[in-house]
Amino acid sequence: MIDKLAIKQGCIDAFPLAIAIGAYGLSFGMLAIQADFTVFQSVMMSVFVFSGTVQLASVAMIASGASLLSILTAATLLNLRNLLYGATLSKGLRNVKKKWRFLLAFGVSDESFVLGTQKFKRDGPAPVYFATVALFFYMSWIIATLFGALIGDQVDPLQFGLDLAFPVTFAALLAPSLKEKASITTAICALIIATSMEVTAPGNEFTIVVTGLVAPFAGVMLNKGGH
555 MIDKLAIKQG CIDAFPLAIA IGAYGLSFGM LAIQADFTVF QSVMMSVFVF
605 SGTVQLASVA MIASGASLLS ILTAATLLNL RNLLYGATLS KGLRNVKKKW
655 RFLLAFGVSD ESFVLGTQKF KRDGPAPVYF ATVALFFYMS WIIATLFGAL
705 IGDQVDPLQF GLDLAFPVTF AALLAPSLKE KASITTAICA LIIATSMEVT
755 APGNEFTIVV TGLVAPFAGV MLNKGGH
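When we follow our numbering, the leftmost residue of the sequence shown carries the number 555, and every step to the right adds one.
To be clear, the hints were calculated from the coordinates, so they are not data collected in a lab.
Derived DEER-like restraints, expressed as beta-carbon distance ranges:
#1 R655 / Q588: 29 to 39 Å
#2 K558 / S644: 23 to 33 Å
#3 F569 / G640: 22 to 32 Å
#4 R648 / G706: 42 to 52 Å
#5 T754 / T627: 14 to 24 Å
#6 D677 / S618: 41 to 51 Å
#7 Q708 / S750: 36 to 46 Å
#8 I742 / F594: 36 to 46 Å
#9 R655 / R676: 20 to 30 Å
Straight-line alpha carbon distances no greater than 30 Å define the calculated DSS-like cross-link-like pairs of lysine-lysine that follow:
#10 K675 / K558
#11 K651 / K558
#12 K675 / K653
#13 K673 / K645
Using N, Cα and C, we set each Cβ at its ideal position, and we do this for glycine too.
Turn these sequences into a full structure, and let the hints guide you.
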């Protein structure tokens, strides 16, 4: 039997963040067209990749003439954080059959991770809720990419700050979760590492990877030291 309540709650929780994802998707669609992608190519990239960070980095690298190997390497490194996301989310999806887990894994993103972990912590395993949230974000990203690609180079997304819509909203969503000492310590470490890397190497596509891997480890070590 379909859990209609979980679907409804998932849509309600996902909607505010989907607006920010839409703005980010518009930005990607416009930038992709400006990098000589076709509308079809831009949309298909969102359909099969579904990662704003990877897609923006890939478009920039393709436009600069980077090799396929370097693009694939960068994409792999940028998505390494999903290993941590998946390991955490698996606890709330333990009753789901393996074939469905593979499908849900494709829907793992920064946004679905935050909402999913918050839901699991409150109410325990909630696969229908997570699937709803993931699908909501996925469709929002694809539709926004399409509109952005159709607008093309008529608007500069950077001029209106569309590229900042997602990170600002994500930070606001994450803030209420920072209640425990370990979470706060990890967040502070992430802020210090990311800021340092941006100061020393602005626009470095590996900032997210390094921050995502080092900050949790540093947070754990500092908390152990405190005990």
